[in-house]
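Protein chains: 2
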Amino acid sequence: MNMPLLQVALDNNNLPDALKSALALGDDVDVIEAGTILCLQEGMGAVRCLRALFPDKIILADTKCADAGGTVAKNCYDAGANWMTVICSATIPTMKAAFKEVDDLQVELYGDWTYEHAQNWKDAGLTQVVYHQSRDALLAGETWGAKDLDKVTKLIEMGFKVSVTGGLNKDTLKLFKGVAVHCFIAGRSLRDAVDPGAEARAWKEEIAKIWG
Amino acid sequence: MNMPLLQVALDNNNLPDALKSALALGDDVDVIEAGTILCLQEGMGAVRCLRALFPDKIILADTKCADAGGTVAKNCYDAGANWMTVICSATIPTMKAAFKEVDDLQVELYGDWTYEHAQNWKDAGLTQVVYHQSRDALLAGETWGAKDLDKVTKLIEMGFKVSVTGGLNKDTLKLFKGVAVHCFIAGRSLRDAVDPGAEARAWKEEIAKIWG
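These protein sequence lines map, in sequence, to chains U and X. Numbered by the working numbering, the letters in the first sequence go through residues 16 to 227 in order. Numbered by the working numbering, the letters in the second sequence go through residues 16 to 227 in order.
A pair counts as met if it fits within one copy or between any two copies, since identical chains are not told apart.
Straight-line alpha carbon distances no greater than 35 Å define the calculated DSBU-like cross-link-like pairs of lysine-lysine that follow:
| id | residue 1 | residue 2 |
| --- | --- | --- |
| 1 | K89 | K35 |
| 2 | K111 | K162 |
| 3 | K169 | K189 |
| 4 | K192 | K162 |
| 5 | K176 | K111 |
| 6 | K35 | K176 |
| 7 | K162 | K72 |
| 8 | K72 | K176 |
| 9 | K219 | K162 |
| 10 | K176 | K89 |
| 11 | K169 | K137 |
| 12 | K176 | K189 |
Treat the hints as calculated values from the structure; they're not laboratory data. Model, not experiment: these values are computed from the prediction.
Let the hints inform the model, and build the full structure from the sequences given.
Okay, structure coming up:
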């Protein structure tokens, strides 16, 4: 089982704040995500800055693209992003058009997606999906349960690299023991730590302990 | 039956090009849309420019928001947008959070949405949806057919203001005769006209002829 990667979601509300977070922990994660909020606030200039500061990191533009996949993906790639996201309700032609323009593409699982949809993404050549713990469930005090892990496992069995996100912290990583998660995505729990770099390193150590 | 509005989608790839389009026809439409491509490229600066140039127009930020609805909507509103879009696969709490922050919110219909979903949006207080003619169908040479009109009509009967978009031109408006469309949305067919302002006025005359 490969060691899961660690991704920070820079869902900061402006570029200065995002850069501060990126510089505090960018070297300690595997993937730096320009979050949707940041992309919509600052445009692809945010991705350009991240690429300039982290020339060798995987940079993900979390556009959650629903349409015009080819144009949006080309713009992300031109700005320096390796990966991009599309929303699960985008059409297959939109996903295919986007996939051509970037190194890799992630399908963001929101709403009532089905395994039949997932098979269509697979058939279209896509390799990555992002499983979100629902915000409703989190607000209701739930955490990652068997229901979520079953879905993640099924998607992995279908052949997807599955990233997981939503309300994760260092102590919840062990819930995924034995599951070949591709990448853990965290936002505030990394960015808002007293020492974000130390926190990212502690996550990596925990990941190594569980999956090493 | 109210007169349908006309909306230009500024799906330009950069701000200078978008401003050129906006100045050429902004005064002749009812709603000016900062397209998804433009928002992701230039950020909310694009919306700020449009608001500065068109202080009295309805400005729509086509974010197709899937998550963090409250933050994204507040950012759009702060930049000068009246309306915003969310993707149909966003959760109800995301839609509700966004709806609180803007004057109005449109649900973008992509993928396998159902009338049950639509009823949930209605129950959440949402009033607007955008019906897209599928890109696949357009590429396959189809146009707006009975199947589309039936769906649009059913959504109107449910109480939604329904905007329509996708491959529209001045000559296809008459296909919607008798249907209380809220707003016709056009991009290239307006922006790329030899005289965009004259083209927008010609659309408005055609709308007045059919619905007046």
